[in-house]
Every structure is written in C-alpha cells, then in structure tokens.
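*Asks:* Construct all of the structure, not just a fragment, from the sequences and the given hints.
The listed protein sequences derive, respectively, from chains A and B.
Here this note's numbering = 1-based position in the first sequence + 872.
Here this note's numbering = 1-based position in the second sequence + 872.
Simulated from the structure, these hints should not be mistaken for lab results.
All copies of an identical chain are treated as equivalent in the list; a pair is satisfied when it fits inside any one copy or across any two copies.
Listed below are the simulated SDA-like cross-link pairs for lysine to any residue, each with C-alpha atoms no more than 25 angstroms apart in a straight line:
1) LYS1172 x ASP1131
2) LYS1168 x TYR1207
3) LYS1126 x GLU1197
4) LYS1122 x ASN1196
5) LYS1104 x GLU1078
6) LYS1189 x LEU1127
Computed from a prediction, not measured in an experiment: that's the story for all the values here.
Protein chains: 2
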Amino acid sequence: MTKWYEEKDLDKQTVISSRIRLARNLKKYPFSAAISEEKSKQLIEEVKNAIKNERTFLSEMFEYTELNNLSYEDKTAMLENHIISADLINKKSPCAALIQNDESVSILLNEEDHLRIQSICAGYNIDKAWQNADKIDDLIEESVEYAFDKNYGYLTACPTNTGTGLRASFMLHLPMLEKTGRIRSISQSLSKFGMTMRGLYGEGSEPLGSIYQISNQITLGKSEEEIIDSLKNLTAQIIEQEKSITEQYKKYHKLEFEDMIFRSYGILKNCKLISSKEAMQLLSDVRLGINSDVLKTSPKANIYNIMMNIQSGNLQKRCGKTLNESERDIQRAQYLNDVI
Amino acid sequence: MTKWYEEKDLDKQTVISSRIRLARNLKKYPFSAAISEEKSKQLIEEVKNAIKNERTFLSEMFEYTELNNLSYEDKTAMLENHIISADLINKKSPCAALIQNDESVSILLNEEDHLRIQSICAGYNIDKAWQNADKIDDLIEESVEYAFDKNYGYLTACPTNTGTGLRASFMLHLPMLEKTGRIRSISQSLSKFGMTMRGLYGEGSEPLGSIYQISNQITLGKSEEEIIDSLKNLTAQIIEQEKSITEQYKKYHKLEFEDMIFRSYGILKNCKLISSKEAMQLLSDVRLGINSDVLKTSPKANIYNIMMNIQSGNLQKRCGKTLNESERDIQRAQYLNDVI
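*Replies:* As structure tokens, then:
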C-alpha cells in the first residue's frame, strides 16, 4: 500500500501536506487526566468496535495497534511519520491507535483527548483531508456519544481546543523565506489572524529542513469551514511570497543559487557521515533545487519522504537494530548516497 | 609534447616534483642591478646563441621567448607553471627565457642573476633534475665565461647564492601534517639543518593546497652532492611522517577521513562558483584520497596539474580572454566539474 507521503511529484509543491485534526471526547468517560486504567481500556474497546465492527470498506482499511506494546524505536518512527504525537511515546496508561493503511488517517485513543482523529493528504488538499476526517468522525458518532455542549460545541481536555475541536494545518517548505530571514516577521504576524507557525514536529520543535506548519489557534466561535478558509487564504499569501522571492533570487543571483543547491547535492551524494540536522538542511536545498527546476535529479523517493526516513526512529527501523548516534550518522550517509 | 607535470601517476606520490636551480653570472657583464639595457640585450643574445647555435639534439629542444613582449596573463600562467619567477612578471628591462619543450628545463636571462638554470622532474627525481641542469650548465659554459672565484665558487647577485649557486628543492604534498598542525614544528626545525620550507609559489607565498617546497638555504662550503644528499635525507623523514600520520588517521578515524575526502570530491564535482583558495583545499583532500586509496576516481589530469590549471593566469589563457574575479570563479567551477 502506497503511503500518502510517498507521492512522486511532491517535490514540485511548496505545500507538503494538508492536515486536519479533530479532538473528541466520549460523554460517559472522565477526561484523560482523571480516567482510570480500567475505564481507559473500556474506552479503547468501545471506539475500536465503533470502527472495526462496521462492515464497511472504510472500516476495513484500519489497523488497530496497542501503543504500549511497541518498542521505543517503533513509536519514534510513528511520530516521525506524523501518525502519533510525542505525548504517546512515553505514556504508560493504555493508549492505542487505529491507522488507515496508507497512513493518511489515524485515530489516537487516550491521548490528551479520548480521541484525536487526524487526516493528512499530500500537497494542497485540505478539503479532502477535512472530508476524510469528517467521514470518520460521523462513522464513530454513529456508535458513541461525544461530550458536546450546545453553546460551546465539542468539549475538550484543554480549553484551547473546545468548540470545533479542529486544528487545520498546512506543512510548507519555505527555504527562501527562511534564508532571507523573512520567516520571522511572517510568523509574528500570523498570530494576529488567530494562526500560528511551528516546526516540522509541532509545538516547540525546531524548524528543520525549512519546513513549517501553519495552523489555526482559535477553535471556538467559528465554523470548521471558516477556519479552513482563513487558513487557506493566509497560506496562499505565504506560498506566493516564497515563490516570488525564489524567482527573484534565481534571476538576480543565478549562480549563487545554483552553487548552493549543487553543493548540497554533492555533499549528500558523497558524505560518509552526516547528522540529521545537517542532512535536513542539505535536503531542503535539494528540494528547493528540484522545485525551482535548477536540479534535474530524480531521487529514489520524494525529498520529504527521505527527510522522514533519515530521522532516528525510521533509520533504526530500516536497519532492524538500535543504533547509537555515530552509527546513525553512518547509516544516514549511506542511505542518502544511495537515494539522492 | 607532454609536460613534466602531466605525468599520470603523480597523484600517488607525496613528492610532486624535484627541482634544481643554478644561479650563474657572466664575467664580462655587470651584475643585474648595474647592467645597462644595451648590455642586457647583448647578454641575452650571447646566452641564446650559446644554446641555439649548438646543433645538438638538446639545444634544439629549447624555445626562446622574450618576456617583455608577453601579456600579463601569459606571464602569470608561466609563473603558475613554475617556468618563470615572480620577479620577471613586471620587469621592464630586457629579460628572456629559453624553455625546453616539456617545460622541464628553463633558462631565465636577466633575472636577479644573469642566468637562472632550472630543471624540474616529476616526483622524487632530484638526481635526474641535477643531471639535466648540470648538462645545460656545461653546454653554456662551453661558450661563455662565468663569474667564478676559486675560493668562493660561483659569484651571484645576492650573497646567499654564492658558492654552488644551487638551490635544490622538493615540492611535497603534506595534507595530514598540515591538518594536524605538525607542519609548523617541522618547518621550524628545518632551519637548523640549513633548509627552509615555503609555500607553493616560493618565498613568502601561502601554503595553498597543502603543498610545501623544501629547499637548501646554504649554498656555500658544501658540494652540490652534499647539499642534495642532506635535502634527500630530511625529505625522506618528512615523507615518512606524512605517510605514518595518514595511515594512523585512516586506521583510527576511517569514516571521518573518508567523509572529509568524499565531501570535498562532491563539492568539486558539483559547485558552480569556487575561489582558488577553496578549490586548492578541496583538491588537496581529493589528492590525499587518491594517494591513500580511499578515492577510486580518475580525474582527467593529475591533481597537481589541475591545481595549476585553476590559477588565475592559466584559467584566463584557457578561456582566451581576461576574466574578473567572479568570472574566474565560474570558469574554475565549470573546469573542475568536468575534470574531477
């Protein structure tokens, strides 16, 4: 089964992915902070059945995974692929996930909220991501009763999610806005519109590989469609700025631009040791080169997929063993020499 | 005609070249500082005839060039190829050179001394270089009378050359002694043995590409053979140290060693702009890689030859026009992408 992030033409787009996350809680269970282990298990069972007992084509695409039984490396790889959140890696109490086979939809059970439904589509496809999440949400609601207030909307563990329970986001590759430092002022101005900008791995994470997530901060007092529309509008402007600055730079600093890209390509193709941080930077340059038609190379996977594959968890999964930092630097270099 | 520096296997040797330089003056002319323009021309004619009127195989291999008529770029290229000295580039008064067709022997006329006979051989071949210089010296002496004192030996413009008038030198590639900083103590200790260490382009020049010239400082009170023998002994020790430190590093830091070499290779193969200084550094790494069997690449020329070809004068000669600094950086990158 091809995963959403394996799409071949992804490198040609500024938008890497579109994501919808819905926070839901079941009426008859206490919120996560207060729930007993017993009740947690019951809750997991109930939602699992809501999906798996439906004999629909959709429900058959989901696989159930108990997260507590997985190794640290496996969970890290799932985090790197944006299937689970960082919160679930070290969680001792019962938690689980229902994951669609192309990894485009995952339902996390007993995360901060009882349910986190997330739906990701490659590229600029937020409407499709919303439809997919909405469909799953409806499917589950046929069997369970959500905690819902007619004034506030969906009730959530953290009040910042109350209302729609929706977080809509785009993952963008913004190398030139980053290199020119303009990303900072964009990031600051987003908050005025109830939006926020984060790094590749969400809240508090460093912007690796010039990848930024833009998402809504406000979930209350607006409909899902309104939230998604204003996110789309702001994102369109950011994409336009990235494209325009790239064209300008490519036009007026052609050789410096090409030199930067080709050097990064040459290092990735030849290095024997490389840290994750450096590799992300060089991969970002190569992606910029492909996207701007400077580099006519065909990596064995799209650059975003390669970026996920060089992360610690995925790398160890690929090698089938635990690796220390310098072993990872070696394996990462070997992998990059081969795929770039 | 293949030039001495075009030898294919040169990269496998620590010694790039062996050089002999003899300083000679003609008895019947004033030394260079005091000579008139008229006398300078007579002197040139006399030595030219001494070589060219001999109907021997040897004399037919020499081409006569009036340096005053050459362009700045052409003279710079000759300097870069170690045919002429920096002194001759801007000299206004008559000066000329007789150059053997493989560029292994050149006779400079009206440099600091009336005659500078220099003989270069690729690799560790100082005896051959000495024989070649000695042969030319004898050939000239059949027609002219040298300024010679039975106590002091050959008289020269600068007393540091008086006696044998000999400077014997090896051009060595010492990347690991440089990287580890050991080159400094070696350089300092050489003076105790009457030897000196210089950069690629002689006195006062920066050590580009980890290339060092080791030569005798003392010309008086020792025979030519004694000077050459002690230079050989010291050089053998330096070569041994370079080899030993390379082996050690290759053994105990295998991946760091390979990573450094392959990254440099990758940049040279892909850059679109490169300064001479950076290129020399990266070429030095690639030469180290070839010499230590880490890099199995076959550049279109040996690395030392490439190092000469990327210098400003040679680069402009190759392009057939004057280039400014950034144009040279572009042409240099294109050339390196192609030959490495």
